[in-house]
Structures are given as C-alpha cells and as structure tokens.
Amino acid sequence: MSVPLDSLVGLLSAVVDLPFREGYVSSIIYVSLYVSGTAVALSTLFSLPVALAMGFTDFPGKRALKSVINTGMGFPSVVVGLLVLFAVSNQGPLGTFDLIFTREAMVLSQFVLATPPITAISLAAVTGVDDDVRDAAHVLGGTSLDVALVVIKEARYGIATAILAGFGRAISEVGSVLIVGGNITSSGGISKTRTLTTAIQLEARQGRYETAMILGAVLLVLVLAVNAVVVQLGDSRVMS
Amino acid sequence: MPIQRRQFITVAGVGAVASIAGCSQSRGQTQGESAPQDQPGVAGETLTLTTTTSTYDTGLLDAIHPDFEAMYGVTVDAVAQGTGAALESARNGDSDVVLVHARGLEDEFMRNGYGINRRDLMFNDFVVVGPDDDPAGIRGMGSATEALTAIAESESTFVSRGDNSGTHTKELALWAAAGTDPGGDWYQETGTGMGEALNVATQQGAYTLSDRGTFISQRSAIDLVVLVQGPIEGGPATLANPYGVMAVNPGVHDTANYDLAMAYIGWITSPGAQAAIGEYQVNGEQLFFPEAVSEDPDFQQYVPQGWSSESSNG
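Chain order of the listed sequences is G and W.
Numbering-wise, the first sequence is residues 3 to 242 according to the numbering used here.
Numbering-wise, the second sequence is residues 380 to 693 according to the numbering used here.
Don't take every hint at face value.
[Said to hold, decoys possible] From the derived model, a few chain G residues whose C-beta atoms are all more than 10 Å from chain W:
| hint | residue |
| --- | --- |
| 1 | E24 |
| 2 | L44 |
| 3 | A66 |
| 4 | V80 |
| 5 | A139 |
| 6 | I154 |
| 7 | G184 |
| 8 | L221 |
| 9 | L222 |
[What the hints assert, rightly or not] Pairwise CB distance ranges, derived in the manner of DEER restraints:
| hint | chain 1 | residue 1 | chain 2 | residue 2 | range |
| --- | --- | --- | --- | --- | --- |
| 10 | G | K68 | W | V631 | 39 to 47 Å |
| 11 | W | G541 | G | E212 | 21 to 29 Å |
| 12 | W | G558 | G | A227 | 57 to 65 Å |
[What the hints assert, rightly or not] Short derived list, chain G residues pointing at chain W, Cβ under 10 Å:
| hint | residue |
| --- | --- |
| 13 | L87 |
| 14 | N92 |
| 15 | Q93 |
| 16 | G183 |
| 17 | L204 |
| 18 | A206 |
Hint data in this document are derived by calculation from the structure and do not stem from the laboratory.
Backbone N, C-alpha and C define an ideal beta-carbon position, used for all residues, glycine too.
So here's chain G without its partners, still in its complex pose (with noise of 0.2 Å):
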C-alpha cells in the first residue's frame, strides 16, 4: 500500500513544498488504519454478539446495562488513555507484557473507546428488526445462528453505521494514543506508534501548521473514503 500514498505525496509535493521524509507519511497513515482497524475489527467481534444477545433476550439489569454502555459511547478518551497506560505500564497489572508505548497498547486503547458506541448502536438496529424476520427464520426450522445471520442481514444498514460510528471514534482519536503510544518514529522518519491525529499535533505544536493542515486534509480523505467503502459494502452485499 505504500506504493500509491508515496506517489500521492508525491504529487502533493509539486504543488505544496512538502517537508515529509520518503515513506514517512504513508507509514503514518499505515499505523492509523492498523490500529484503528484492528480495535474496530476487535469491537465488532465482540459487540455483535452481545448487541444479539441483549436484542432478543430479556433479563434482570437489562437497563441498567444499556446506561452503562450508553454512559460509555461520552467517555472521555484521554481518561481511558489513562486507564489503558496505568494497565499496561510496566508498574500495571499487563506490565510483563511490555505493552506501554506500542501499537498494541494503542489498539486496546482504541478497543475500549469503539466498543459502546458498536454495542450501543448495532443494539438499536438489532431491536428495529421487525419480530416477524426472527420467528420466520425460527419457524423455518433455523438454528441460533441462522437466526443471528438474518437478523444481522436485516440489521446490516444499522451495523455499517455502528461501525463507522466505532471507526470514527478511534481514527480521530488524539489523546489516548498519545498517552499509551508515545507518537514515536525511527530516526528513520517511519512511524512505529504515531498516528495521523498525533502528527498532527506535533506538526501543530512546533507551529508548522501547513504540515499540520496538509496531514488533516489526508485525515478527512480518509475519513471519506472508510466512510464511501462501508456504505458501499451495506448497499450490495448479502451478509450471510
């Protein structure tokens, strides 16, 4: 992939005089999508079933339940940072893992702050499923699974924005990748844990604010095109 972003770079430099190193903005963007992209995967994984589960099952505390995830989609992301680098830092409980200042940290980070808003609002699309698609899939003699795999077929509209929603969340997400991942490069000029909002900030903070508004230009394109992709992919495809 870093074939194409280096040739947009470098088209960029013909117009504006970039001061980006070879290779040093699309491993940028390589380390936002990674890591927005594995927590977003990871919440998925794990928000789906619970969104299923509460969707169609009713039980003590259900409410209570849905504050709490509710509560969770406001929660503060440099609070979470927080939480995540007394975890992972080498005093925490993951301490052994060597986990404070890597991808890894911020990828769980990520996790923590995409997972209400997927869980939250998959959970509104699973419960706007009409009762009729469920008992039909039932009385047609379907497992669980099946049933789950119609209604999130049903659903897929409702779950493609709670994706989004999640994604969003973690990619323009500045102040707990920086707590947990450093906005460390090599002295190669590759990134290893900066991110394009952490560059930005960097960019901002030395004052060179054309670099700054040129990677948030490649933030919002981003953005977009995530965006036009699982829209797309809700339109055509058949998710069963």
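Based on these hints, arrange chain W on the given structure of chain G.
Relative to chain G, chain W alone:
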C-alpha cells in the same frame, strides 16, 4: 568542611563506573565502525528514551540518532513528553534512559534511586521573549529576575508553560528568586509545549520564557523578539539551560535495558556525538552546546547537588 570519607568513596566509585563506561564505549565505537554486525549483545534491541520536547521538536535527536542506531544495530524509541513526564515514565520503569533539563528534578530522581550514572550532556540557554513594543520595558535588562519583576509590576501578560517541564521549572525558580508569587489575570498557564506557549504569547502580545532552541526553530512562525538574553549571548548565568542524561536504575526496574542505556550514554557523551550536537543547526544557528567532553570535567555532575551521605542515609 572536613572531607567525608564515605562520600568521597561513593563519588570516586560512581566516577570510576562512568569512566569505565566511557572506555568500553570508545572500544565499541571502533569495533562498530569495522563490523557492525558483530557488535554487542545489544544488537536488535530497542532503547526507550523519554525526553523533553525541546530536544525532539528542534530535530536534534532525529539528526544524531541514526549514527547510534547504525553503530549498535539497535532502535531508539524517542518519546517527547516534557521533563516532568519523562522522569515520571522513567520512575514507572517505562523507559531505559532519560534526557532532560531540570537539574533540581534530575537530582531528586537520582537521590530517590531511580536514576544512575548521570552525565552532563550539553547546554543552551533561556531567553525572555515578548512583543516588540515591550510594554514592561524589559529590553536589554541584565537580570532575568529584574525583568520578571518589571513584568509583574506592570501586570503585562505573561504566558507560563505550566506543565512541569524543564522550562516551567526554570520559570518558577526565577519567580521565586524575584520574590514574586505570580498570579492574576496577566499570568496565564497554557499547560502545553514550548511551541504552543510561543504561539499563545504571539497572539496575546505576551511575554514568556523560552529555551533558545525552540524559539529559533519556530521564529518564522511567531511575532516575538528576544528581550533578555541568556548567557550564550552575554546574558545572566541564571538563564543557563543544562541538559543531563541518566540511565534508569536496573536495581529498581529490572525491565530497564541497562546495557543499552549505558551504551547510549557512552555514545552521546563521546567526542563524535558531542561534535554532532555542536554542529547541529536550525536556520543557520547552533542550538545546543556540547559539554560532556572537557579537559576539566565537573565532578559534581555524578552526584546530586547538595548530596551528602547523611541525607542519603536518612
């Protein structure tokens, strides 16, 4: 004052360790040049360096680290946090070596046993910057405390870093020396890095204390001028800004990569890296002045200032 035997032995011991580290370093350097792959057991490892924003934002570390990485076949992860946070990360065992600029905080770190083998590394200076029209009339004052007093008395806007960084620590020490406890509407804490503080000061036509390096590297984007010079340009010695480098004590955190940290300290205080620091320029100006290599080394760099065996024994 009688010489205390115990203190002398400790100081001599630390000095010996540091000089041995220096020797093994120069051996490593020659071998590294001939056959980097054979080099040391540390090849392939990663050194985590927590540091202040000024060394990072000026581009110094990016300029000199490739040499170290090539020599030892290692990777340096430089995390720019500000002096207070950099030391806190080291205290938690999350870094292997720290490069900061606040001797008081460094000494506390050393006294508490978290750091060892401190070396003076380099220095530059602080400058008091402000708007060209200079409402407090501090231009050309020979004393930083006089200048701060004038700013406080005229209640001209002053932007403070407010982030427990080396620069912030220096600023608070200067206020204390001026006998002023700054507060009120004219005194604004940004809680951010030097670059942002300079931007905020520009926008408000305010004064601030800046390290010369960040000021130079950002000068084109800001509308402030140096009103009180530091010692590099003949200003008062109180505005000196010395940087030190310390290894995280592996006796406290066995996760600290001590071998690599000592290799780093040996390298960055070696003649080659010191020359590279002196040659590093931004906008045609030298930002950092190396001081690790000297015919007349400062013995006190190895121990915290004001240290005595009594105080360390409790």
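Evaluated hints:
1. E24: The claim stands: E24 of chain G keeps its Cβ more than 10 Å from every Cβ of chain W (closest is about 14 Å).
2. L44: With a cut-off of 10 Å, L44 of chain G remains clear of chain W, as the shortest Cβ separation is near 24 Å.
3. A66: holds (35 Å)
4. V80: holds (13 Å)
5. A139: holds (51 Å)
6. I154: holds (41 Å)
7. G184: violated (4 Å)
8. L221: holds (20 Å)
9. L222: holds (23 Å)
10. G:K68 x W:V631: 39 to 47 Å: For V631 of chain W against K68 of chain G, whose Cβ atoms are near 46 Å apart, the range 39 to 47 Å holds.
11. W:G541 x G:E212: 21 to 29 Å: For G541 of chain W and E212 of chain G the Cβ distance comes to about 28 Å; the hint holds.
12. W:G558 x G:A227: 57 to 65 Å: Holds, since G558 of chain W and A227 of chain G (Cβ atoms, about 59 Å apart) stay within the stated range.
13. L87: holds (9 Å)
14. N92: holds (4 Å)
15. Q93: holds (5 Å)
16. G183: holds (9 Å)
17. L204: OK, holds: L204 of chain G within 10 Å of chain W, min 8 Å.
18. A206: holds (7 Å)
Violated hint: 7 only; the structure is consistent with all others.
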